[in-house]
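K.L.:
Could you put together the complete structure from these sequences and hints?
If you read the first sequence in my numbering, its first letter stands for residue 2, the second for the next number, and so on.
One or more of the hints may lead you astray.
Stated by the list, open to error - With a straight-line Cα cutoff of 35 Å, these simulated DSBU-like cross-link-like pairs (lysine-lysine) come out:
hint, residue 1, residue 2
1, Lys216, Lys175
2, Lys175, Lys146
3, Lys37, Lys132
FYI, nobody ran anything at the bench for these hints, they're computed from the structure.
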Amino acid sequence: MKNIIEIEDDFDLEKIAESGQCFRWQLLETDQAGRKKYRIPYRNRCLIISEAGGKSYEIDCTEEEFREIWWDYFDLSTNYEKVRKRIRKKDDPFLYEAAKSCMGIRILKQDPWETLISFIISQNRNIPAIKRSIEILCSITGDMKKDSEGREYYAFPEADAIMEMSSEELAECKLGYRDEYVRLAAENIKSGVLNLAELSEMKAEDAIEGLMEQKGIGLKVASCVALFGLHQLDAFPVDVWIKKVLANEYPNGYPKEKYAPYNGIYQQYMFAYYRAK
DNA sequence: AGGCAGGCTTTTA
DNA sequence: TAAAAGCCTGCC
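P.N.:
Next up, the structure:
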């Protein structure tokens, strides 16, 4: 089944795929015109979506499913153009330039559990290495599925499945010292000690504080989970790149108050812009 | 008490 | 060999 949809707001599949917030999007092909086709796994399903020119996209699901599931996943209820245009060029030329250059990035509403594990795995590693570990984890213990075009892929494992992994299996994921953190997170999700649904109802800073009670989750990872998994759009992860941005571009301080409650969106523009340079 | 150095696994460039 | 979407422990 193929359908064509139009997306009016800022939306760039490639920029989102390269933004470092999602690690399992699969680039399936690039046609002669340079149009990309991705497979995007989410919970128990996946979407195959292709650029079809301009604001048009071809999808492999019904328009109804797109509205019910994927509209939310892509956060299409938030107007990113409007958020982007709050930045005044004369006020903040750096952020203005970053946003212009990275227009089309969105903050996905990813599965909180998958986001939690993914960003625990992410610490002190580069993106290709993160993707590799997550892929191995899914292939060892996730359910095998087929997409609508017959290709096999793996779903992200539930907490139970991770708890049942042997030490040898976990070691195959090449998590290094992080494997203990992953196992603990699975146990605490399973037992209810860590309740992601509750955290997503709180203010961003309280959610981050709650996440940081977990061993292996510091401020940076907690901020990423809050932003990309709990959709706390005001969370502002500070990693090595953002540290450079703050030091080089904002020696007199960065005006977070002014950019609330969308600090996380602006952070993504700056992160992507600086990393590309 | 809060800040900082050193160590940690493995991959990537 | 240094750096990577860092965190923990121990020391001061």
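K.L.:
Output the numbers, in ascending order, of every earlier hint that fails for this structure.
P.N.:
none
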